[in-house]
Every structure is written in C-alpha cells, then in structure tokens.
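Peer 1: Sequence:
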Amino acid sequence: MDLPDAPSSMRHQHLVNSNEPPNAVEESFFQDAALTTGARLTQLDQEIRALQAERAQLQVQQRQNHSVLSPLRRLPPEVLAEIFSWTLPPTEKLNGNVSDMKTSPWVLTQVSSRWRDISVSTSSLWCNISVAYGGESGEMLLNPRLEMIRTQVERSGARNLMIQFHASESHDSAVQVNLFQFLSSHSTRWEQLSIQIAAALVPHLVLLRGRLPVLQGIWTQWDTEDSEIGIDSIDCFEIAPSLLEMGISIESRYIPFVFPTCQLTAYRVGCPWDMHHRILKTAPNIVEAHIMIDADEDPWAEPSGEFIDMLHLRRLYVSDPEVFDYIRAPALAEVAMYIERDSSSESEYLDTFLARSSCAPRLLCLRGSPDPSITAAILNKHPSITSFALVHDPRLDSDEDEEDEPDDPMGRHCHLFTVGNGFGTAVAPHLSEISFGSQHASMHIDYSLFLKMLESRDRAADCALRTAALLTEFGPLPDPLTLARMDALRKDGLKFMFESGSEAAHTLECWTYAYPFETL
1 MDLPDAPSSM
11 RHQHLVNSNE
21 PPNAVEESFF
31 QDAALTTGAR
41 LTQLDQEIRA
51 LQAERAQLQV
61 QQRQNHSVLS
71 PLRRLPPEVL
81 AEIFSWTLPP
91 TEKLNGNVSD
101 MKTSPWVLTQ
111 VSSRWRDISV
121 STSSLWCNIS
131 VAYGGESGEM
141 LLNPRLEMIR
151 TQVERSGARN
161 LMIQFHASES
171 HDSAVQVNLF
181 QFLSSHSTRW
191 EQLSIQIAAA
201 LVPHLVLLRG
211 RLPVLQGIWT
221 QWDTEDSEIG
231 IDSIDCFEIA
241 PSLLEMGISI
251 ESRYIPFVFP
261 TCQLTAYRVG
271 CPWDMHHRIL
281 KTAPNIVEAH
291 IMIDADEDPW
301 AEPSGEFIDM
311 LHLRRLYVSD
321 PEVFDYIRAP
331 ALAEVAMYIE
341 RDSSSESEYL
351 DTFLARSSCA
361 PRLLCLRGSP
371 DPSITAAILN
381 KHPSITSFAL
391 VHDPRLDSDE
401 DEEDEPDDPM
411 GRHCHLFTVG
421 NGFGTAVAPH
431 LSEISFGSQH
441 ASMHIDYSLF
451 LKMLESRDRA
461 ADCALRTAAL
471 LTEFGPLPDP
481 LTLARMDALR
491 KDGLKFMFES
501 GSEAAHTLEC
511 WTYAYPFETL
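Letter by letter, the sequence shown follows residues 1 to 520 of UniProt numbering.
In case anyone wonders, no lab produced these hints; they're calculated from the structure.
Computed from a predicted structure; not experimentally measured.
Note that beta-carbon positions come from the ideal geometry of N, C-alpha and C, so glycine has one too.
Check the hints yourself; a few may be wrong.
Ranges between beta-carbon positions, derived for each pair [claimed, not checked]:
1) D479 to C262: 51 to 61 Å
2) G157 to K495: 35 to 45 Å
3) I239 to L481: 57 to 67 Å
4) L449 to W115: 44 to 54 Å
5) A484 to Q59: 35 to 45 Å
6) T87 to L481: 33 to 43 Å
7) Q221 to D172: 15 to 25 Å
Straight-line Cα separation of at most 25 Å, SDA-like style, residue types lysine to any residue; simulated pairs [what the hints assert, rightly or not]:
8) K452 to R490
9) K491 to D462
10) K495 to G475
11) K452 to P429
12) K381 to Y326
13) K381 to D325
14) K281 to C262
15) K102 to L179
16) K452 to H440
17) K491 to G420
18) K495 to L416
19) K495 to A484
20) K495 to S435
21) K495 to H444
22) K452 to L489
23) K452 to R485
24) K452 to P480
25) K491 to E433
26) K381 to E433
27) K381 to G420
28) K381 to S345
Could you put the whole structure together from the sequences, leaning on the hints where they help?
Peer 2: Encoded structure:
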C-alpha cells in the first residue's frame, strides 16, 4: 500500500502551528507518522533504561574502586585506633549509654570487618563503663544488659576501668545488685568511680574495702533520702592507697565517708563546716577544693587564730566566705566564691584571707548575684587578678524575695566593664579575660549588651582583654546578627568561646571546681 503523500512544508507548519483540522489525506499521513515516532520513542525508552541500569552498575563499581583505593585502607591500625578514640562520648555525657549499639565504641564494630577487628582489639576504647537506672526527673534510662557490660570488660583487657554506676530505688534492686557484683569482681582495676547509691548497694560497698588498689577518684551521692536510712558511715574507701580525688554530693543529711585524707589532692564535699574543718586539718596535700557548706547547720564557732595551712592549694571555691576566716593558702592561684545579692561583707572575708595568705591569685570567679560595686572593689584592690568570671546562679540565695524585681547582675556587670559608660577610665583595664555564665532558667542573656562591652574594651588602647567566654545553660541562642558580631571579634584577634545547654552546664561546674575527675 502506498503511503499518503506528505503535505508541503508550508502546509505542514501551518497545521502544526494552528487549530485547523487536516483533510483526509493529511490525517492519514499524521497517523502513520505518530505510529513511527511512537515506536522510536519506545525503542529509545528501552535504550535509556538499559543505559541507566548500566550507569547504576558502573556507579557501584566506581564506589568499590574508590573504596579499594581509599587512604583509610592504608592507615596503620594504631592510627585508626587513635581516630576511634575521638569518637567516644565525653565522660560527663555517658548517662548509661555506653552499652548502646548506636554509640561508640559499639557502633564501630558494625562498619566493616577491619573496623570491627581494630575496635575490638583496642582495649582503651572499652574502659569507660557507664550504668544508669534512673534519670534526673525519674524517667528510666537505657536498661544496661549484663552480657554487654561483661563483653565490654573483657575487651578492656587488663586496663584500668572508669566506672559510672547510678543506682535507683525505683528499679529492680536484684538486677542492680547483680550487675554491681559483677563490676565489683573487677574492683582491683577501678581507677575512677562515680556512684549514686541505693540502699540495696550498701552491703556490697562494704565488701570493697581493701580491694581498690588503683582507685584514684571517687564521686558519691545518694539516690533518695530513703537510701540513707540506717547508714551511719561508709568506710570502704578508707584504705584505698592510690586515692587522690574525693567528691560527695549531699541532698539531705551528711553521712560520713571515710577517706585516706592525708593523700588527697582534690576535694569536693558538701557538709557542715565543723566536718570540713576536721577533714581539711588532716589533708595537707589538697591542690583543688570545692567546699560546700550545709545551709541548716548551727552557728559557726569563733575562729581560734589557729589556721589550717593548705600549702599546696591552687584552686578554691567556697559557698560561704566565712570559710576564709579559718584557712591560709599561700600558693592559691584561682579563687571562686558565692556572693549573695546586695551583700558587701563577703569581700571583706576575701581581702583578709588574701592578706593573711600572702598570695596573689590570677583568677576570680563570683557565683550568685554579686553587686558590680563589690566586683570593682575587689579587682581594684587585687591587681594580680587578670581573669574574671561571673556565674549568675541565684538559686542558692535564700534571702531573695520571689516578688522582687528579677536581678540582672550580668547586665549590670556589662555596664561596669563597658568603656565609656560614665566611669571615666576603664574599670580594671588589666583584665585579660572576662567570662560570663548563667545557670538560671529565667535569666536570658542580653547578647547585644555583652558584645558592646567586649567591643568597647577591644577598641580601648589601655585594656588588656584577650579572651572572653559567654555560657548559658538555658535561654534562646544568639540570632544570626549576634553570631556575626561574635565572629567579627574572633577575626579581630579576641579568643571568644560561646557554649549553651549541657556543654555550658559542665563548663560552669568546672569554673567552681565542682565537676569530678578534671585534670589537675
């Protein structure tokens, strides 16, 4: 059959570009043309799918080729093991999740056979054992499984262990005791122990006496007040020959923990002052101390004039400045203290203490709600202080009336340190470091005011500011404009650190030497 004649070129274009219907001959032509192009399109679709399949296969082969050629394959096992060590969560963020297959080091064993072999054989990856049966708000955390903890201990080889064991009265005590007994069978390898004690653990703590030869640091607290019922003292740590650091967090009543105090270098304890006094007199080697005084104790005895000589003390925090009346610390380099709102007597305790000790500290940290005039007086009187930190935390201030206007010591300190705010010359121009932090949920930092202060001191020729930090445990994060101003200060040469949330909370605790197991 003969094909219909094609319309002329001009007629073809006219039909394509208009709505005019074709005649019978033209319609037959376009029907045949549609069948031909349709068949070709089907053929091209098949060819494209084949090309796409071939492309996908080639991509897989290319990834495999690159994988074979990857420099990671040529990394020595010891280098890869060092990289793996940087994936471990910080100690303060473990929260019982070491035995979670989604976190390091467990997740490293699931990447490849080589990674598994290296991670399993790297004993240092498995030394942090963290078990937590209850969270701060009472929620249940990951229920650690004995078989995973057992595997982790086996993989740690002969290395010393860092143990975090947070027991809970609300969880099955038999399960907790079983796991604690297993860990206790390796107590001769415990180097650090952070333990939250439930009542069921106390009989098993007693059995640790004499079985802690390498224990260097201990941090203890009770889960609830009920955990303490019937307990008069804990003495299982009394003969730990390597113990250097001790910390006790008190929620209700103080139960004495007996330690070899003569060898301690770090001390973080909350108890009545008379107990502190007895302990500190027998602890001549302390380098760092966080002294928290119970609020509901009897009035203090008058100082006798016989001071406790803390000859090696370098870093000190006191929750009550009256402590200064009882000690002498000639080597002190960093001092932190709690100051109540609108109180001026605290600085007098500090002045007398520094004069008696004949020391020249370089760092001062004020916690609470200090008045800027107190800060200015201290800094002007003690020019050796070149680093100043303010931690706004009014929670300890029992005299603060909830109906009063919210205090803003951070804002007022920003005005104090801003050059050209009506103070004539700069206040404390010798400060090379200024750090502010907030631990109060209702206090939102005025970022603009803080940055204005830093910018003014950065421009001032007579100011020595080189380092600054801003930390907020709560509250909104900086907006993009504020972040840009922070970055501009960094580019201008200022060492500037900003932290928020849990990271800020941890750093703020370190500012007052409250966090356990920091490097001395």
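Peer 1: Of the hints given before, which are not true for this structure?
Peer 2: none
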